[in-house]
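Enquirer: Given only the sequences and the hints, what does the whole structure look like? Please build it.
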Amino acid sequence: MLDGILIGLSTAFTFQNILFVIMGCLVGTFIGMLPGLGPMSAIALMIPIAASLEPSAGIILMAAVYYGAIFGGSTSSILINAPGVASTVATSFDGYPMAKSGKAGKALAIAAYSSFSGGVIAALMLLIAAPYLASVSLAFQSTDYFALMVLGLSAVAAFAGKGEVLKALLMTVVGLMLSTVGTDQTVGVPRFTLGMLDLVDGISFLLLVMATFALSEALMAIIKKIDEAKREEERKAAAQLGSMAVSKEEVKEMIPVIGRSSVLGFLIGVLPGAGATIASFLAYGTEQRIAGPVKGAEFGKGSVRGLSAPETANNAAATGSFVPLLTLGIPGSGTTAIMLGALIGYGIQPGPRLYLDQPDVFWSVIVSMWLGNIILLVLNLPLIPYIARVLAIPARFLLPLILFFSLIGVYFVSFNTFDIQLMVLFGLVATILRLLSFPMAPMILGFILGGMMEENLRRALLINNDSWSFLWERPLTLTILLIAAACLFVPMLSPFVARMRAKTKDVTSTGD
Amino acid sequence: MHLSKDRIGGLLILLFCLVYAWQSQNIRLLPFQLNSAFHARTMPEVLAVLGIGLSLLVIVFPSSRDTLSLRGLNWPLGLAFLVLMSIYGLAVRPVGFLLATSLFLMIGFAMLGERNIARLVLVAVPLVVLFWVLMNYGLSVFIEPLPAFLRS
Numbered sequence: 001m002l003d004g005i006l007i008g009l010s011t012a013f014t015f016q017n018i019l020f021v022i023m024g025c026l027v028g029t030f031i032g033m034l035p036g037l038g039p040m041s042a043i044a045l046m047i048p049i050a051a052s053l054e055p056s057a058g059i060i061l062m063a064a065v066y067y068g069a070i071f072g073g074s075t076s077s078i079l080i081n082a083p084g085v086a087s088t089v090a091t092s093f094d095g096y097p098m099a100k101s102g103k104a105g106k107a108l109a110i111a112a113y114s115s116f117s118g119g120v121i122a123a124l125m126l127l128i129a130a131p132y133l134a135s136v137s138l139a140f141q142s143t144d145y146f147a148l149m150v151l152g153l154s155a156v157a158a159f160a161g162k163g164e165v166l167k168a169l170l171m172t173v174v175g176l177m178l179s180t181v182g183t184d185q186t187v188g189v190p191r192f193t194l195g196m197l198d199l200v201d202g203i204s205f206l207l208l209v210m211a212t213f214a215l216s217e218a219l220m221a222i223i224k225k226i227d228e229a230k231r232e233e234e235r236k237a238a239a240q241l242g243s244m245a246v247s248k249e250e251v252k253e254m255i256p257v258i259g260r261s262s263v264l265g266f267l268i269g270v271l272p273g274a275g276a277t278i279a280s281f282l283a284y285g286t287e288q289r290i291a292g293p294v295k296g297a298e299f300g301k302g303s304v305r306g307l308s309a310p311e312t313a314n315n316a317a318a319t320g321s322f323v324p325l326l327t328l329g330i331p332g333s334g335t336t337a338i339m340l341g342a343l344i345g346y347g348i349q350p351g352p353r354l355y356l357d358q359p360d361v362f363w364s365v366i367v368s369m370w371l372g373n374i375i376l377l378v379l380n381l382p383l384i385p386y387i388a389r390v391l392a393i394p395a396r397f398l399l400p401l402i403l404f405f406s407l408i409g410v411y412f413v414s415f416n417t418f419d420i421q422l423m424v425l426f427g428l429v430a431t432i433l434r435l436l437s438f439p440m441a442p443m444i445l446g447f448i449l450g451g452m453m454e455e456n457l458r459r460a461l462l463i464n465n466d467s468w469s470f471l472w473e474r475p476l477t478l479t480i481l482l483i484a485a486a487c488l489f490v491p492m493l494s495p496f497v498a499r500m501r502a503k504t505k506d507v508t509s510t511g512d
Numbered sequence: 001m002h003l004s005k006d007r008i009g010g011l012l013i014l015l016f017c018l019v020y021a022w023q024s025q026n027i028r029l030l031p032f033q034l035n036s037a038f039h040a041r042t043m044p045e046v047l048a049v050l051g052i053g054l055s056l057l058v059i060v061f062p063s064s065r066d067t068l069s070l071r072g073l074n075w076p077l078g079l080a081f082l083v084l085m086s087i088y089g090l091a092v093r094p095v096g097f098l099l100a101t102s103l104f105l106m107i108g109f110a111m112l113g114e115r116n117i118a119r120l121v122l123v124a125v126p127l128v129v130l131f132w133v134l135m136n137y138g139l140s141v142f143i144e145p146l147p148a149f150l151r152s
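Keeping their order, the protein sequence lines are chains A and B.
Going by this note's numbering, the final residue of the first sequence carries number 512, and the count climbs one at a time with no gaps.
Going by this note's numbering, the final residue of the second sequence carries number 152, and the count climbs one at a time with no gaps.
The set of hints was computed from the structure by calculation and includes no laboratory data.
This one's a predicted model, so the numbers in the text were calculated from it and none came from an experiment.
Where hints are given, some of them may not hold.
As the list claims (entries may be wrong) - Not the full set, but computed from the structure, chain A residues with beta-carbon under 8 Å of chain B: (1) Ser52; (2) Val174; (3) Val189; (4) Ala395; (5) Pro400; (6) Ile420; (7) Leu428; (8) Thr431; (9) Arg434; (10) Glu454; (11) Trp468; (12) Leu471; (13) Arg474.
Said to hold, decoys possible - Derived DEER-like restraints, expressed as beta-carbon distance ranges: (14) A:Met196 with B:Leu146: 28 to 36 Å; (15) A:Leu482 with B:Phe32: 33 to 41 Å; (16) B:Trp75 with A:Leu476: 21 to 29 Å.
As the list claims (entries may be wrong) - If you want the ones that stay clear, here's a sample from chain B, every Cβ over 10 Å from chain A, calculated: (17) Val125; (18) Val133; (19) Leu146.
By construction, the Cβ of each residue, glycine as well, lies at the ideal position given by its N, Cα and C atoms.
Expert: Given below as structure tokens:
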């Protein structure tokens, strides 16, 4: 492990890579701060630049953008009560009331210290857990990988919002369908190309991500009428931050919260499909319960604990979501799904072999997490008053620029104008689906895992002489598939069970 | 039937799944694949069945009864931007990057309410030129800057 850390340090601590971490953190904060644009859009917008770099530098850049975007999202949550992403919604519960009471600087500082601690502690846990898990998963065969991918996809359902399971699953299937467009990898037969040469290579992953996130988010902002009075309020909030000092008592209050929320966030982040949003809400709820009636009553009114808990947990979960990506090659969240796509674009197959075959990539990602968190604290926090001015850029300039960067990002990779037209089409469809409240992240997850899932299934069948018996004969495959089935059916059945229980209760109470 | 957001989305995706299922039958199978357990059509066929089943479930059991309201949404502006992006895609090669992008941005700013022509030009043009220089000389990504008739 020590050798690995040294490899990581020597790769990450080059002048060029440190520069990428600084740039990534700043750009990520900048993009994450824009209401509506989250880490997924930020990373998607970075892919064309990352593609021109060597793999470890590209991944370091994207990881830095990821952290920066989460930090930026927290800033807009605190300052203007406009969370850029779902994972920072819980931050606004106490961050915004604190900012409204004239303590915006303090709220930002608490958020930054909590994010930093959560990120650093979780990176330490990743350092210990990832190599161990990678060595265990070396024993995995293609049948197990197929099962793991099924688990990754079904976990989407387990963590979808209340009543959203069916929609999440449907969008996953749509993503899987889109992944089948293009030439079949094994026999070279074209599928769903509609006779168009431009579709022979399939749909570009970057195109799909840009269209469904950056482009459709900008389009959503365009069609929702801009409230100039609100924008003026945002400009004022961004201009007056107040002191950033945190008192000793507040630090004392934060330390145990950070410890608990880091562990909780990391563990939730490791679960495929869970991610930072669930972690932040769980940490908030847990801390509110632990705080007791007096301190608990402060939650929602500007509580230090209420701000620290979700901030720590969402950053820890962001780090935790790298565990399944780096060790199993399965993305733990929508954001790591985009990173997986980028890694595949580099010709790198994440999974247990990554740890052995490309230790520089594996370890430099982990080391860059520490570096990224330090940069965020040392560089971004003092710069926040200046970066916050991004909130003052008029939307009429910002939105066309986001559209331009999305389009040109895709065009610069393929130099095919057909891609721009396809992107416009996907952007339209994604915007309609967003208006209809259909989630986009499961679709991306399905799209990325689709090709690998088919390949592993085909390989498994080939090894087993075209027999499907491996699904129940190999204990590991069967166990993973059973967990996947549980992930799938428990959330589906729970509303019915709850309804049944309520009915039984009603009957009993009427009987009484 | 109450046409909620879920049901509209479910119907749209059902339509897509039906077209997908129909198109999956057009995938050509090679002779040696006909009797194999897994061939080029297997995954699409399974996905089509899953997609149709799930979209029907979404239609029958919608998670919310919210209806889609276009009130308060400036959808013609959204459509206009989609058209603008499509035209940009068609124009970027023949018209050249500098002119096509500058026009795209200026029209975009104007569509969102910027009326000061000097500001339109001063924001768009330097930014486009700077971006082109950065891509061309910084990242060695070349894109034709000038219109076709000015190229040597």
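Enquirer: All hints, please: hold or fail.
Expert: Taking the hints in turn, this is what the structure says about them:
no.	hint	in the structure
1	Ser52	holds (5 Å)
2	Val174	holds (6 Å)
3	Val189	holds (5 Å)
4	Ala395	holds (7 Å)
5	Pro400	holds (3 Å)
6	Ile420	holds (3 Å)
7	Leu428	holds (6 Å)
8	Thr431	holds (7 Å)
9	Arg434	violated (10 Å)
10	Glu454	holds (5 Å)
11	Trp468	holds (7 Å)
12	Leu471	violated (12 Å)
13	Arg474	violated (17 Å)
14	A:Met196 with B:Leu146: 28 to 36 Å	holds (30 Å)
15	A:Leu482 with B:Phe32: 33 to 41 Å	holds (34 Å)
16	B:Trp75 with A:Leu476: 21 to 29 Å	violated (51 Å)
17	Val125	holds (13 Å)
18	Val133	holds (14 Å)
19	Leu146	holds (16 Å)
In terms of the numbered hints stated before, the structure departs from hints 9, 12, 13, 16, listed from lowest to highest.
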